[in-house]
Amino acid sequence: MSAIRPAAVVVLAAGEGTRMKSATPKVLHEICGRSLVGHVLAAARELKPEQLVVVVGHAREKVSEHLGSVDPNARTAVQETQNGTGHAVRMGLEELGGNVEGTVVVVCGDTPLLRGRTLQALAETHRADGNAVTVLTAEVPDATGYGRIVRDDSGAVTAIVEHKDASETQRAIREINSGVFAFDGRLLADALGKVRTDNSQGEEYLTDVLGILREAGHRVGASVAGDHREIAGINNRVQLAEARRTLNERLLESAMLAGVTVVDPASTWIDVTVTFEQDALVHPGTQLLGATHLAEGAEVGPNCRLTDTQVGAGARVVNTVADRAQVGPEASVGPFAYLRPGTRLGRKSKVGTYVETKNASLGEGTKVPHLSYVGDATIGEFSNIGAASVFVNYDGQDKHHTTVGSHCRTGSDNMFVAPVTIGDGAYTAAGSVITKDVPPGSLAVARGQQRNIEGWVARKRPGSAAAKAAEAASGQGGGEG
13 MSAIRPAAVV VLAAGEGTRM KSATPKVLHE ICGRSLVGHV LAAARELKPE QLVVVVGHAR
73 EKVSEHLGSV DPNARTAVQE TQNGTGHAVR MGLEELGGNV EGTVVVVCGD TPLLRGRTLQ
133 ALAETHRADG NAVTVLTAEV PDATGYGRIV RDDSGAVTAI VEHKDASETQ RAIREINSGV
193 FAFDGRLLAD ALGKVRTDNS QGEEYLTDVL GILREAGHRV GASVAGDHRE IAGINNRVQL
253 AEARRTLNER LLESAMLAGV TVVDPASTWI DVTVTFEQDA LVHPGTQLLG ATHLAEGAEV
313 GPNCRLTDTQ VGAGARVVNT VADRAQVGPE ASVGPFAYLR PGTRLGRKSK VGTYVETKNA
373 SLGEGTKVPH LSYVGDATIG EFSNIGAASV FVNYDGQDKH HTTVGSHCRT GSDNMFVAPV
433 TIGDGAYTAA GSVITKDVPP GSLAVARGQQ RNIEGWVARK RPGSAAAKAA EAASGQGGGE
493 G
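Each residue of the sequence shown is one higher than the last, beginning at 13 in this note's numbering.
For the record, the hints were derived by calculation from the structure and aren't laboratory data. Be careful, since some hints might not be right.
When the alpha-carbon atoms are kept at most 25 angstroms apart in a straight line, the in silico DMTMM-like pairs for lysine to aspartate or glutamate are as follows [said to hold, decoys possible]:
hint : residue 1 : residue 2
1    : Lys60     : Glu136
2    : Lys74     : Glu42
3    : Lys33     : Glu254
4    : Lys74     : Glu92
5    : Lys448    : Asp410
Kindly generate the complete structure, drawing on both the sequences and the hints.
Structure follows, in structure tokens:
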């Protein structure tokens with residue numbers, strides 16, 4: 013049987029989410045590199061629906077702007093006042109022209125663990141059973157507080173009974189309502205027009221549609237999710253953290269099954285957009301974010317935070333923060349390095365301990381081993397930058413570029429005052445402030461002459477520990493004759 017392609021998916025994202033206690037709209041809170049609604053949209057898009065509409069309401073300008081960046085093809089419908097889920101779906105259908113012929117899937121914008129394959133199973137069950145509406149359900153260990161799914165002997169759903177209204181027998185049911193449905197679009201539009209507001213909240217409830225359709229003689233069915241956690245909605249920061257942990261475990265499991273070694277999954281966090289090749293190795297305490305990619309045999313960690321960073325095959329990155337950087341094959345980074353945007357490290361290059369780079373390109377085999385800052389610079393192949401060097405790229409108003417050639421050796425404690433060029437094969441002396449171009453093969457020395465003032469300590473610091481040590485060292489302490 014071919015996969016179901018729904019006529020439409022309606023995403024409900026109009027609620028305020030007051031329990032989040034946040035200025036950020038609930039559906040825009042993020043886990044694992046995507047907003048809550050972004051995860052829902054990604055799952056919905058796996059169905060390849062003919063149309064997708066997101067119903068917005070609270071902070072709709074922010075939500076709509078976000079939708080424009082994560083799913084530009086999604087349409088939006090506005091629910092001016094939050095008059096219930098039934099009203100929200102009605103607003104969504106009106107955006108789509110009213111009656112929609114075919115299957116309409118309704119999902120909640122705060123269920124980030126929902127999988128596309130689960131929605132596909134819902135749509136397939138809906139078609140196979142000939143239902144007017146099919147509700148996605150799940151069996152949970154503790155159903156307290158949830159609406160119970162009541163079925164008849166044929167398996168058809170006869171009612172969704174809220175916990176407060178359930179009998180003792182019904183409260184023993186562990187199958188609950190998820191708030192996710194597949195509807196016959198034409199029947200849905202008709203039933204929404206019959207939903208009443210004579211309830212304690214004065215709202216239009218989408219669940220009332222099930223009773224309306226059943227009373228009209230239509231079949232109401234259910235599709236059970238394989239993992240009850242998929243249907244969990246997010247209402248507060250505790251649930252947000254729980255969902256993040258669950259999704260992270262899912263992502264790490266997928267990576268490990270694909271051939272990645274994750275030494276300690278409990279302390280490793282990755283985004284949904286992170287990619288790996290086999291035999292990558294991730295040590296504890298590591299965060300891999302954004303579009304980060306680890307190539308075959310790359311080793312990262314412990315204690316790294318890489319964002320939108322490419323790590324080449326066989327490279328090793330230890331105790332490092334990197335943002336929008338490229339680490340070449342077999343390169344070495346860290347410990348305690350900071351790779352800022354625009355960093356590009358060539359094959360077998362090295363950025364060592366307490367080194368910061370920004371908008372810097374290092375050629376193959378080039379090393380910056382210790383205690384240095386390399387900003388706005390291009391360094392050729394197989395050069396070595398001495399410890400405690402600074403590429404002085406900012407004059408207080410503009411940034412300037414430094415070029416160091418190939419096979420150069422620069423001394424420790426150098427200042428390269430940009431713009432300046434160090435030619436191929438050149439050397440610079442330790443302690444130099446380089447302000448002029450250095451020709452290829454030259455030695456640049458830019459420091460004052462050393463002058464020793466003998467006896468200065470004895471005259472200026474008499475009786476000090478330094479004076480006594482100097483006196484003893486010079487043999488003036490007066491030993492045995």
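Cross-check of the supplied hints:
Pair hint Lys60 plus Glu136 holds up; C-alpha atoms about 14 angstroms apart against a cutoff of 25 angstroms. In summary, the hint linking Lys74 to Glu42 is supported, as the alpha carbons are separated by about 14 angstroms, within the 25 angstroms threshold. Annotation: proposed proximity of Lys33 to Glu254 holds, straight-line Cα distance about 17 angstroms (limit 25 angstroms). Under the criterion of a C-alpha separation no larger than 25 angstroms, the hint pairing Lys74 with Glu92 is consistent with the structure, at around 15 angstroms.
For the given pair, Lys448 sits about 18 angstroms from Asp410 by alpha-carbon distance, which is consistent with the 25 angstroms threshold.
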